[in-house]
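Taken in sequence, the protein lines are chains B and H.
Per numbering that gives the first Met the number 0, the very first residue in the first sequence carries number 0; after that it's consecutive.
Per numbering that gives the first Met the number 0, the very first residue in the second sequence carries number 0; after that it's consecutive.
These aren't lab readings, by the way, just hints derived from the structure by calculation.
Ideal Cβ placement from N, Cα and C applies to all residues, glycine included.
Certain hints may be false.
Unchecked claim - Subject to a maximum C-alpha distance of 27 Å in a straight line, what follows is the list of computed DSS-like cross-link-like pairs (lysine-lysine): (1) H:106 / H:69; (2) H:18 / H:104; (3) H:24 / H:69; (4) H:112 / B:63; (5) H:24 / B:63; (6) H:18 / H:45; (7) H:69 / H:45; (8) B:63 / H:45; (9) H:3 / H:106.
Claimed, not checked - Away from chain H, derived, C-beta distances all over 10 Å, residues of chain B: (10) 51; (11) 52; (12) 53; (13) 54; (14) 56; (15) 57.
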Amino acid sequence: MESPRDRKYFARKKVCRFCTESLEMNYKNIDTLSRNITDRKKIVPKRNSGLCARCQRQLATEIKRARFMALLPYTVLH
Amino acid sequence: MAVKPRYYETLYIIRPDIKEEDLAKIEQRLHDALAAHEGEIIRFDKWAQRELAYEIQDYNRGTYYIIIFKSLPGAVAELERHLRFYNTDVLRFMTVSITEAAANKEKAAQESKAAEESSAPEPAAPAEAAPAEAAPTEAAPAEAAPAEAAPAETTPEAAPEPEQETKAESEPATAEPTEGGAN
């Protein structure tokens, strides 16, 4: 069996953190959300966050809600 | 078909330098608005006083209040109308619909909190929530480790990704227990 390391590029196995850990995704849960924004306060894209499509969509919604309520910044330029 | 009542959650921000009486007036008015529409209040209290992520109407701090209620959809518009009426004191508000399960969880939390309240008022609730929360979050990093370790291993072989930095930065917070239980 070829181990993933022998291949030139290997598809890293992404496991959706929210699905596996059954983390509560909520706009009031700022600690969880802030782990999924970049240092420029952008939402981390799916290719980097490794979330499944459903979780990523919901995460984006919750982050946007948190932004509206001034719990998270929209940008670093405020 | 009759319209069914639904569960909603409203979060609003009050300016920090509000007078006690104005605050009471707003709360009373919101209570009345919901009562008039046969809304059932599950939770109505102060959620947090915190720094705003950005300035709103020249304020950098705000007090967050949360209302969780069950009502017909029409009551939401009415509630928001009242919040809008106080737009100098209410910096921002948002209503989201929540699931029945979430509402019931909240209801149970409120009831247990009410029971505790006689012995220890406010600080008891966050302290109680923390140990319960700690168990799942401690177990979690172990599960998450393979997934999170993988990107780091790849770095020497795979083409360098500019986004790698941001990912690394966002990770150290992973082990911290969330505040979710306290909400």
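Each hint, compared with the structure:
1. Restraint check for residue 106 of chain H and residue 69 of chain H: satisfied, since their Cα atoms lie roughly 11 Å apart, inside the 27 Å limit.
2. This hinted pair does not check out: residue 18 of chain H and residue 104 of chain H have alpha carbons roughly 33 Å apart, beyond 27 Å.
3. Restraint check for residue 24 of chain H and residue 69 of chain H: satisfied, since their Cα atoms lie roughly 22 Å apart, inside the 27 Å limit.
4. At most 27 Å may separate the alpha-carbon atoms for a hinted pair to count; residue 112 of chain H and residue 63 of chain B exceed this at roughly 30 Å.
5. Between residue 24 of chain H and residue 63 of chain B the alpha-carbon distance is near 30 Å, which puts this suggested pair outside the 27 Å criterion.
6. With a C-alpha separation of about 15 Å, the suggested pair residue 18 of chain H and residue 45 of chain H falls inside the 27 Å cut-off, and the hint holds.
7. As the CA atoms of residue 69 of chain H and residue 45 of chain H are separated by approximately 18 Å, the hinted pair is consistent with the 27 Å bound.
8. Restraint check: the Cα-Cα separation between residue 63 of chain B and residue 45 of chain H comes to about 22 Å, which is no more than 27 Å; the hinted pair holds.
9. For the proposed pair residue 3 of chain H and residue 106 of chain H, the alpha carbon gap of about 19 Å is at most 27 Å, so the pair holds.
10. Non-interface call for residue 51 of chain B relative to chain H: holds, since the shortest CB-CB distance, roughly 12 Å, exceeds 10 Å.
11. Against chain H, the non-interface label of residue 52 of chain B holds: every CB pair exceeds 10 Å, the least being about 16 Å.
12. For residue 53 of chain B, the shortest C-beta to C-beta distance to chain H comes to about 15 Å, beyond the 10 Å cut-off, and the non-interface label holds.
13. With a minimum CB-CB distance of about 13 Å to chain H, residue 54 of chain B clears the 10 Å threshold, and the non-interface call stands.
14. Annotated as non-interface, residue 56 of chain B keeps its C-beta farther than 10 Å from every C-beta of chain H; the closest such distance is 15 Å.
15. For residue 57 of chain B, the requirement that its beta carbon stay farther than 10 Å from each beta carbon of chain H is met, with the minimum near 12 Å.
In summary, the numbered hints that this structure violates are 2, 4, 5.
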